[in-house]
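Peer 1: Here is what each chain is made of, one letter per residue.
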Amino acid sequence: MSSKSANSQRSPLARARGYGSANEGVHTFLAERVSAVALIPLTLWFVFSVAQLPLGSYNALQHWVASPSVAVMLVLFIASLFYHSSLGVKVVIEDYVASEGIKLAALLLVKFAHAVLAAAGIFAVLKIALGN
Amino acid sequence: MNSPAPQQARPVERPLSPFMLGQYYRFQLTSVLSLMHRVTGVGLSVGSVLLVWWLVALAGGAWSYAAFSQHAGAWYGQLLLLGWSWALLYHMCNGVRHLAWDLGYGYSIPAVYRSGYLVAATSLLLTAAAWGVAYVL
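Chains as they are written, first to last, in the working numbering: chain A, 1 to 132; chain B, 1001 to 1137.
So here's chain A without its partners, still in its complex pose (with noise of 0.2 angstroms):
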C-alpha cells in the first residue's frame, strides 16, 4: 500500500488530531477471515480424527499425538483457533461493554487468556510429540 495521505480525502490537520478511522481496522478484518478459511480444513480434519479415536486410551492417544503429521496438524489448528477466537471475543466485548475502564480490562484479560492457552495446549502437543 502506499503512502495514506496520497489518496486519502482527509486534511493533514484532521489526521493529526486523531478523529475518525485509524485506517488499521482492515487488517484485523482481514485476518479474522484469513484464520477463518484456514480454519475449514483444520476442523474438519480435528472432528472426524478426534471422533475415530478411543477417547479413553492413553496409550493410543499418545501415539496419534506424536506422529508428526498429526502434530503439525493440531498446532496449527490450536494457533487458528485461539487467534480467531481471541479476534471474536475481542469484536464481541466491543459491542456490549460501554465502559471504557472495564472495556480495556476486559479486553486485556481476553487476549492474555488466549495466550494462555495457545501457549498451554502447544506445549502440550510439543511435549507428547518431542519428549518421549
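Think of the hints as simulated: they come from the structure by calculation, not from any bench.
A few of these clues could be false.
[Unchecked claim] Reference listing, derived: stretches of chain A covered by chain B, where coverage requires no fewer than 3 residues with Cβ under 8 angstroms from a Cβ of chain B:
| hint | region |
| --- | --- |
| 1 | 28 to 40 |
| 2 | 56 to 68 |
| 3 | 71 to 82 |
| 4 | 85 to 95 |
| 5 | 119 to 129 |
All C-beta atoms, glycine included, are put in the ideal place defined by N, C-alpha and C.
Since the structure of chain A is already known, use the hints to place chain B on it.
Peer 2: For chain B alone, kept in the frame of chain A given last:
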C-alpha cells in the same frame, strides 16, 4: 418556536432490547442464525479451554489423563462434547456462508434463506456423521 414546552410526563415504556424478543419482535431464520453464530462463537471460545485441558492432561501422564477421561466419558461430558461438536460445525458452516457474503455472493432474500436452511441442515448432518463415526466405527 412558540410551542409550549412538552409536558414532562412519565416516559413511555417501550420494550427494551433484548426483552422485546419473542413478544413484540417476530424471529426470522436469518436473525436467529446470525444470533447463533455469535452465541456458538463465544461458546466455542469457552469450550476451547476443554481442548487445552484434554491435551495438557494427555501430556501430564496416564494418571492426569484418567481424571480427564473420567469426566469426558460421563454423561455430562458426552453431552458437552455433543454440544461443542455441533457448535463447532455450525460456526464453520455459517462461517462459509459469511465468507461467501464477503465475496459478494448470495445477498438476495431467497438466497439468504436457502443458504440458511442449508447451513442448519449441513451442521446437523456433519454432527450426526461425526458421532456416527465415533460410536459405530
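Peer 1: Each hint needs a verdict: does it hold in this structure or not?
Peer 2: Comparing the hints with the structure gives:
no.	hint	verdict
1	28 to 40	holds (count 5)
2	56 to 68	holds (count 5)
3	71 to 82	holds (count 4)
4	85 to 95	holds (count 4)
5	119 to 129	holds (count 7)
Violated hints for the displayed structure: none, as all numbered hints are satisfied.
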